[in-house]
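A.B. asks: Protein chains in written order, with this note's numbering: chain A, 30 to 258; chain B, 5 to 299.
No lab work stands behind these hints, which were simulated from the structure alone. Treat each hint with caution, since some may be false.
Unchecked claim - Using 25 angstroms as the maximum straight-line C-alpha spacing, the simulated DSS-like pairs for lysine-lysine come out as follows:
id, chain 1, residue 1, chain 2, residue 2
1, B, K137, B, K84
2, A, K122, B, K84
3, B, K139, B, K153
4, B, K295, A, K122
5, A, K100, A, K82
6, A, K159, A, K139
7, B, K15, B, K146
8, A, K100, B, K153
9, B, K146, B, K84
10, A, K122, A, K139
11, B, K295, A, K75
12, A, K100, A, K122
13, B, K202, A, K75
14, A, K100, B, K295
15, A, K82, B, K84
16, B, K295, B, K202
17, A, K100, B, K146
18, A, K122, B, K202
19, A, K159, A, K122
20, A, K122, B, K153
21, B, K139, B, K84
22, A, K75, A, K234
23, A, K139, B, K137
24, B, K15, B, K295
25, B, K202, B, K15
26, A, K246, A, K234
27, A, K100, A, K75
28, B, K15, A, K141
29, B, K202, A, K82
Each chain, letter by letter, is given below.
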Amino acid sequence: MIQFTDVVKSYEQGNVALNGVTMQIEDGEFCFLVGPSGSGKSTIIKLITGELKPTSGTVHVNGYSLERIRKREIPYLRRTVGVVFQDFRLIDKMTVYENVAFAMRVVGAKEKEIRERVPYVLELVGLEGKMGRHPREMSGGEQQRLAIARALVNNPSTIIADEPTGNLDPERSFEIMALLQEINNLGTTVLVVTHAQDLVELFHKRVIAIDDGLVVKDEGEEETNDEAE
Amino acid sequence: MKLNNLGYLLKEGFRGIFLHGFMSFAAVCVTVACLVIVGSFSALAYNLDLMVEDLNQTSEILVYIDSDLSDAEARSIGTKINLLDNVLQSTFVSREEALEDFVADHDNDSAFSGVQASDLRHRYVVSLEDNTKMKQTDEQLKQLPGVVKTSAAYELAEGFSTIQDVLHIVSFALIAVLLVISLLIISNTVKLAMYDRKDEIAIMKMVGATNGFIRLPFIVEGFTLGMIGAVLAFGIEWAGYDALVQRVAEVDALQLFSFVDFQELLIPMVAVFGAAGMFVGIVGSWTSIRKFMDV
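One chain only, chain A, in its complex shape:
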């Protein structure tokens, strides 16, 4: 679960990025986070992944209280949150298999587990035949699938996708969103940060709109809560 309560985040230069954000995303939810550039979306992601601490208010993510988290606990928080970026952030010198296996090694998985889990996840994202390739030999859509596989491989309870379709054509964008929905159907919480209004409308999910550091709209919250109940 992700819970923000009256969160304020101001930077050293005096910029106030978040000005009292309160929101809650339940386990297993699929949610869009939308807003113009500079509205505070990136700050929310950085707060969720422990890159930043709130100036005031409380942030709870998958059992961790981010306002008082210790530095050495942050890696363990990040293992519960898989992040997918617009620019994929893959390691070019590693193969597809290695890019995913690497994320498992980081958490101390045994080689046997890695050999079993990586092909399963690559199959889930439709890259089962491309394990030996390098990221640069793949299309943008395939690279984003690989990034999703890496985010997914350690079985995190939450996936955060930051503009996952920003570098893709409409067809590939739809495929990626469908894949994220499929992952959500398996029980993983999915938070998608996007500008793509057409995709938001197409998928009929909860939409949290941020503007000037405040939640200005939270559509579909009641329906989602009703479903949860």
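Given chain A's structure and the hints, the job is docking chain B onto it.
C.D. replies: For chain B alone, coordinates are given in the frame of chain A:
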């Protein structure tokens, strides 16, 4: 960090050396260059120190014996001289030998043909263990019964001591400065290598790697590169030193310069190069990576 990761992390450290070939090559080259410069200067300073020490040892005190004493009495004073604390060695020079030396020193000039051995005194040539205490020893020699006069070149001995002191200070200062410069250059080279891999580090942090997990391969890599640099530098130093000594011996017909064998420097060189390589590799990696860990 789990134990089953250790093998992987060590392997990654070694793999990193080849994977980032150019930066590894640059780091090794800088390490070699810095160590060779520091090593060469240290070897040169050590040899110069020994040469000055040798020159200083040539400073002696001449002790003149009372001419009224018999030959046997004069020779017996040698035992008392040798008993003094700072005396390394004393050599008896009889009147006759002194005359031969005197005539030889004046190119058998006929102007001195009238000089007789009896005009001269028996004497001792006394060399000292520590020439900085020449004055005190000279005073002690003057107190001995049968000694009428001494001749000691204090200024020369003090001059050598001053040269040696200056040489020590300058050597230490230059070696310290060279070491600091070397560390800075090497640290910057490692930083460049780290910068090359900042995205990789950021990804590791993002997927939940602990700081220890991220650091270990870099430390292994830094240590290995440092040691490779140290071994290469040591080999170059050895070969270069031997070549230089041989060349100097060929051109220095007067044997003004005497260099010690590299074998004499072997153990300190191995220790210093090994420690410096290890230190530079580990500390360079550790401090450089810190900057990229705050993600």
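A.B. asks: Against each hint, give a clear statement of whether it holds in the structure.
C.D. replies: Hint check results:
Only pairs whose Cα atoms come within 25 angstroms are accepted, and K137(B) paired with K84(B) is accepted, the gap being roughly 18 angstroms. The hinted pair formed by K122(A) and K84(B) fails the criterion: a straight-line CA distance of about 82 angstroms is larger than 25 angstroms. Taking the CA atoms of K139(B) and K153(B), the gap is about 14 angstroms. The hint holds against a cut of 25 angstroms. For the hint linking K295(B) to K122(A), the alpha-carbon distance of about 23 angstroms falls within 25 angstroms, and the restraint holds.
With a C-alpha separation of about 11 angstroms, the suggested pairing of K100(A) with K82(A) holds against the 25 angstroms cut-off. Between K159(A) and K139(A) the CA atoms are separated by roughly 23 angstroms; this keeps the pair inside 25 angstroms, and the hint holds. Note on K15(B) and K146(B): the hinted pairing is violated, with a Cα-Cα distance of about 74 angstroms set against a maximum of 25 angstroms. Restraint check: the Cα-Cα separation between K100(A) and K153(B) comes to about 81 angstroms, which exceeds 25 angstroms; the hinted pair is violated.
Distance check on the hinted pair: K146(B) and K84(B) sit about 12 angstroms apart at the alpha-carbon level, within 25 angstroms; holds. Note on K122(A) and K139(A): the hinted pairing holds, with a Cα-Cα distance of about 22 angstroms set against a maximum of 25 angstroms. A distance of roughly 19 angstroms separates the Cα atoms of K295(B) and K75(A); the hinted pair therefore holds under the 25 angstroms criterion. A distance of roughly 30 angstroms separates the Cα atoms of K100(A) and K122(A); the hinted pair therefore is violated under the 25 angstroms criterion.
For the proposed pair K202(B) and K75(A), the alpha carbon gap of about 18 angstroms is at most 25 angstroms, so the pair holds. A threshold of 25 angstroms between alpha carbons decides the hint, and for K100(A) with K295(B) the separation of about 15 angstroms falls inside it, so the pair holds. Distance restraint check for K82(A) and K84(B): the Cα-Cα separation of roughly 85 angstroms exceeds the 25 angstroms cut-off, and the hinted pair is therefore not satisfied. In summary, the hint linking K295(B) to K202(B) is supported, as the alpha carbons are separated by about 10 angstroms, within the 25 angstroms threshold.
Restraint check: the Cα-Cα separation between K100(A) and K146(B) comes to about 77 angstroms, which exceeds 25 angstroms; the hinted pair is violated. Using a Cα cut-off of 25 angstroms, the hinted pair K122(A) and K202(B) holds, with the two alpha carbons roughly 14 angstroms apart. Straight-line distance between C-alpha atoms of K159(A) and K122(A) comes to about 15 angstroms, which keeps the hinted pair within the 25 angstroms bound. Between K122(A) and K153(B) the CA atoms are separated by roughly 86 angstroms; this puts the pair beyond 25 angstroms, and the hint is violated.
Distance check on the hinted pair: K139(B) and K84(B) sit about 18 angstroms apart at the alpha-carbon level, within 25 angstroms; holds. Under the criterion of a C-alpha separation no larger than 25 angstroms, the hint pairing K75(A) with K234(A) is consistent with the structure, at around 23 angstroms. With a C-alpha separation of about 72 angstroms, the suggested pair K139(A) and K137(B) falls outside the 25 angstroms cut-off, and the hint is violated. For the hint pairing K15(B) with K295(B), the CA-to-CA distance comes to about 24 angstroms; that is within 25 angstroms, so the pair holds.
For the hint linking K202(B) to K15(B), the alpha-carbon distance of about 20 angstroms falls within 25 angstroms, and the restraint holds. Restraint check for K246(A) and K234(A): the C-alpha separation of about 13 angstroms stays at or below 25 angstroms, so the hint holds. For the given pair, K100(A) sits about 14 angstroms from K75(A) by alpha-carbon distance, which is consistent with the 25 angstroms threshold. Distance check on the hinted pair: K15(B) and K141(A) sit about 18 angstroms apart at the alpha-carbon level, within 25 angstroms; holds.
In summary, the hint linking K202(B) to K82(A) is supported, as the alpha carbons are separated by about 22 angstroms, within the 25 angstroms threshold.
The structure fails to meet hints 2, 7, 8, 12, 15, 17, 20, 23 from the earlier list, while all remaining hints are met.
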